[in-house]
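Since the structure of chain A is already known, use the hints to place chains B and C on it.
Okay, here's what each chain looks like letter by letter:
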Amino acid sequence: MSFSKYLRALFALLAAGVIAFGVAACGDDEDDSGSEESSSSSTAIESNPDNEGVEVTIGSKNFDEQFILGEIYAQALEAAGYTVKTDLNLGSEVVAKKALESGEIDAYPEYTSTTLTSLYGVAPEEVPGDAQEAADLANDELSADGLVAFAPTPFTSANGVGILTETAEAEGLETISDLEGVSEDLTLYGTTECEERIDCLLGLEQNYGLKFGDFKSVDPELRYDVLDNGDADLSILFTTDGQLYKDPETYTILEDDQSLLPSGNVIVTASQEAADAAGPDFQETIETVQEQLDLEVMQELNARVSLDREDPADVAADYLQQAGYVE
Amino acid sequence: MNFFLAAEESLADKLAGDSSDQCIQDNGAFCFNWIAENFSDRYVTPTLEHLYLVGISVILGFVLAMGMAVLSHRRRWLVPPFIGFTGILYTIPSVAFFFLLSPITGRGVDTALIALTAYNIQIIYRNIVVGLNNVPVGPKDAGRGMGMTGPQLLWKVEFPLAVPEIVAGLRIATVSTVAIATLADLAGGGGLGSQIITGSNITFKTNILVVTVLAVGMAVIFDVIFLLAQRRLTRWQTAGESTGKSSRRFEAAMARSRAA
Amino acid sequence: MSGLALGFLGSFGDAFEFIFQGQQSPLARGEVGGPDRVWDFLVTHVALSAAAMALALAIALPLGIYLGHRGRGELFAVAAGNAGRALPELVLIALFVAFIGTGFDNVTLALMILAVPPILTNTFVGIKQVDRTAVEAARGMGMSERAIALRIELPLAAPTIMTGVRTSAINVIATAAIAPLASVDTLGRFILAPNVYGDAGVIAGAILVALLALTVELCLAGLQSALTPKGVKLQRQALETA
Chain A
4 MSFSKYLRAL
14 FALLAAGVIA
24 FGVAACGDDE
34 DDSGSEESSS
44 SSTAIESNPD
54 NEGVEVTIGS
64 KNFDEQFILG
74 EIYAQALEAA
84 GYTVKTDLNL
94 GSEVVAKKAL
104 ESGEIDAYPE
114 YTSTTLTSLY
124 GVAPEEVPGD
134 AQEAADLAND
144 ELSADGLVAF
154 APTPFTSANG
164 VGILTETAEA
174 EGLETISDLE
184 GVSEDLTLYG
194 TTECEERIDC
204 LLGLEQNYGL
214 KFGDFKSVDP
224 ELRYDVLDNG
234 DADLSILFTT
244 DGQLYKDPET
254 YTILEDDQSL
264 LPSGNVIVTA
274 SQEAADAAGP
284 DFQETIETVQ
294 EQLDLEVMQE
304 LNARVSLDRE
314 DPADVAADYL
324 QQAGYVE
Chain B
9 MNFFLAAEES
19 LADKLAGDSS
29 DQCIQDNGAF
39 CFNWIAENFS
49 DRYVTPTLEH
59 LYLVGISVIL
69 GFVLAMGMAV
79 LSHRRRWLVP
89 PFIGFTGILY
99 TIPSVAFFFL
109 LSPITGRGVD
119 TALIALTAYN
129 IQIIYRNIVV
139 GLNNVPVGPK
149 DAGRGMGMTG
159 PQLLWKVEFP
169 LAVPEIVAGL
179 RIATVSTVAI
189 ATLADLAGGG
199 GLGSQIITGS
209 NITFKTNILV
219 VTVLAVGMAV
229 IFDVIFLLAQ
239 RRLTRWQTAG
249 ESTGKSSRRF
259 EAAMARSRAA
Chain C
168 MSGLALGFLG
178 SFGDAFEFIF
188 QGQQSPLARG
198 EVGGPDRVWD
208 FLVTHVALSA
218 AAMALALAIA
228 LPLGIYLGHR
238 GRGELFAVAA
248 GNAGRALPEL
258 VLIALFVAFI
268 GTGFDNVTLA
278 LMILAVPPIL
288 TNTFVGIKQV
298 DRTAVEAARG
308 MGMSERAIAL
318 RIELPLAAPT
328 IMTGVRTSAI
338 NVIATAAIAP
348 LASVDTLGRF
358 ILAPNVYGDA
368 GVIAGAILVA
378 LLALTVELCL
388 AGLQSALTPK
398 GVKLQRQALE
408 TA
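Just so you know, the sequences run in chain order A, B and C. Position in the first sequence (from 1) plus 3 gives the number in my numbering. Position in the second sequence (from 1) plus 8 gives the number in my numbering. Position in the third sequence (from 1) plus 167 gives the number in my numbering.
Calculated directly from the structure, the hints in this document are not laboratory data. Since we're looking at a predicted model, the values are computed, not measured. Where is the CB? At the ideal position from N, CA and C, for every residue including glycine. Warning: the hint list may mix true and false statements.
Said to hold, decoys possible - Covered stretches of chain A (in silico footprint by chain B; criterion: 3 or more residues with CB under 8 Å from a CB of chain B, positions within the stretch not fixed): (1) 163-175; (2) 220-228; (3) 317-325.
Unchecked claim - Covered stretches of chain B, as calculated for chain C (at least 3 residues, CB under 8 Å): (4) 50-58; (5) 102-113; (6) 175-187.
As the list claims (entries may be wrong) - Partial pick of chain A residues on the chain B-facing surface, computed with a CB cut under 8 Å: (7) 65; (8) 92; (9) 214; (10) 306; (11) 310; (12) 311; (13) 312; (14) 313; (15) 314.
Okay, chain A solo, but in the shape it has when bound (with noise of 0.2 Å):
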């Protein structure tokens, strides 16, 4: 083939791929979890003048992920046209349900698991594995509360028994049922509630029988810092950390083979109460502008956020805006 005729099918292709991505970008989202109202299109958000003067006060837990998906639906409710104030970094979930139900906050973003298992006590093995299954479920739940929660996100996070990735080759292990009569010999470090959660420690030792040589409570934060130095053999990480996302060659989640660290997407939750008075935009709003929210763009933000240490609003903004929600 010539050049000319090279370059000429080059572009052919090209402009081929441009179309197609197009096309699957403006398309309907396509949502594994069956959003109930799934907007048509990734547009920009539209500002409505009737959400003048509605104020909402969004909330979130106190990790990156949290805060990142706070400002998230924080900024696009602005753009909404409401007021947003924020209170992101409340505490964990015992906290932020307080606050939702106080009324300090209107809403934040909470796990489906989390819900489940933690608020409601229902054991890790009946949540279900299905997204939409397990925030129907949830929702149940809430309502008895004077709580709602809207769709799920598309990502989803879990507890992960995390190890190096040269100990866990070395040692053979690939799932948490390996760690079987290993793990008499080996520290686990995970946060203080780890001990009392059912998807943590006490998980592991009731449902998995396993046995720790020993059991330490460290902050969150340092949670891969105790596997690099030596401390930790196992530290629990979460599925969407940054760091996996960028260095799976040092990093593995042992697999839960039977499945009993619960996953779950997120749901926001909200007051009914806020809800209603905050319009049907509320909904709306911050269910379309979670749909692109898969794994990997979740672990991206994640990413830039824990490690790259930029700013949680930021990064917000920056999803928003290539996402193509936000001008």
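Chains B and C only, in chain A's frame:
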């Protein structure tokens, strides 16, 4: 640059951050680029919150301590209970204090302010009392001789002469409050501590150093301002016998003897 | 108003139940709290504080006595006191977590650093402020410098030194309450993990820490009184009623 890949770039790829700051990637301690870029976003508001917490609580503590001092000046029997009560407030660790208050005042700036003020009162009150005690008899007699009434004596003679000691107390109280206010965020009160305890911050070396410099720097600046004020005013004070338990008062006495 | 008061008392009631019996965790799983847990954390808290104080005394007392007796290094001793006051506890813990490491030993070191300045400054000042005539008299009698320092100056400086020790002890106990941030589980853990221990746990933790601090303060104040030579006490009483 591969044209094919550019056409199929995923959203995750488009969002890829600029990981080029090697200093940050290595969690270095002196990442000046990062500081320059992020300082105003991250540290300005907490610093202002911190100044607010310190300023309001010291002023409140001063006002309350003055009130107590005026009350107890003529009623000496009030001094031990006042000292005892404020002493208990002072002894209770601030962390505990914040959460003991929380059932009544909830989380937030107000709780932090109450706790910080309670802590201040003890220091300032003690120093006012000592300062008033150390006023020499001479000026007091002169005042009485001129026909001054009790309150006149207090406000025109005794307090002015007690000023150096009072300023010493304010100095110690302010510096201590700057330090304690770092814990205010545990109670939801904001301040520089928020940049330590939230998110990934406690392991982020550069961040910890910035907060250290800001917090200690603020304390030192206040210390110097008050020290200069104290030195200015010690020319008027004759060195009196310092009674009592606080090392800080000994320090003030030393400052006085140095300046004399 | 009475509603507030009742609510307040209610919270405290819950807290006491937490300490003595244990309560349902808000995580909807099992019981938390109870005397065993409280005891575990209390022991860690006290051990941590005691270790730090012991180390601090071992360093600051001799140094303070030496400098105070010689009358040298005043700037250093006083500046150390000021610096100690200006360094926030949380920042110190954070510096250790970020740069040095977590765990009991590291936190003991951090607390020791916190405890040294007040002891050093007060020892220095106390020794230096001892009435020179007593010292001269002792010298005249042929006592060695060391004997003078230990048998004349130290007892007379004891009240001042004890003040410094008390200040240090309270600071150490207060900072030990945030040691869970560095993986050392003291009483502060009840306060810092509300998800696990609930509101009752948080208040219980606060009560326990406060009581510990007050108890130690009372004991040390008593010790200070016991160590104050009778003559100094009388002198002080005379001055206070002036």
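Status of the hints after comparison with the structure:
no. : hint    : result
1   : 163-175 : violated (count 0)
2   : 220-228 : holds (count 4)
3   : 317-325 : holds (count 5)
4   : 50-58   : violated (count 0)
5   : 102-113 : holds (count 10)
6   : 175-187 : holds (count 5)
7   : 65      : 6 Å, holds
8   : 92      : 5 Å, holds
9   : 214     : 29 Å, violated
10  : 306     : 7 Å, holds
11  : 310     : 7 Å, holds
12  : 311     : 5 Å, holds
13  : 312     : 5 Å, holds
14  : 313     : 6 Å, holds
15  : 314     : 5 Å, holds
In this structure, the earlier hints numbered 1, 4 and 9 are contradicted, and the remaining ones agree with it.
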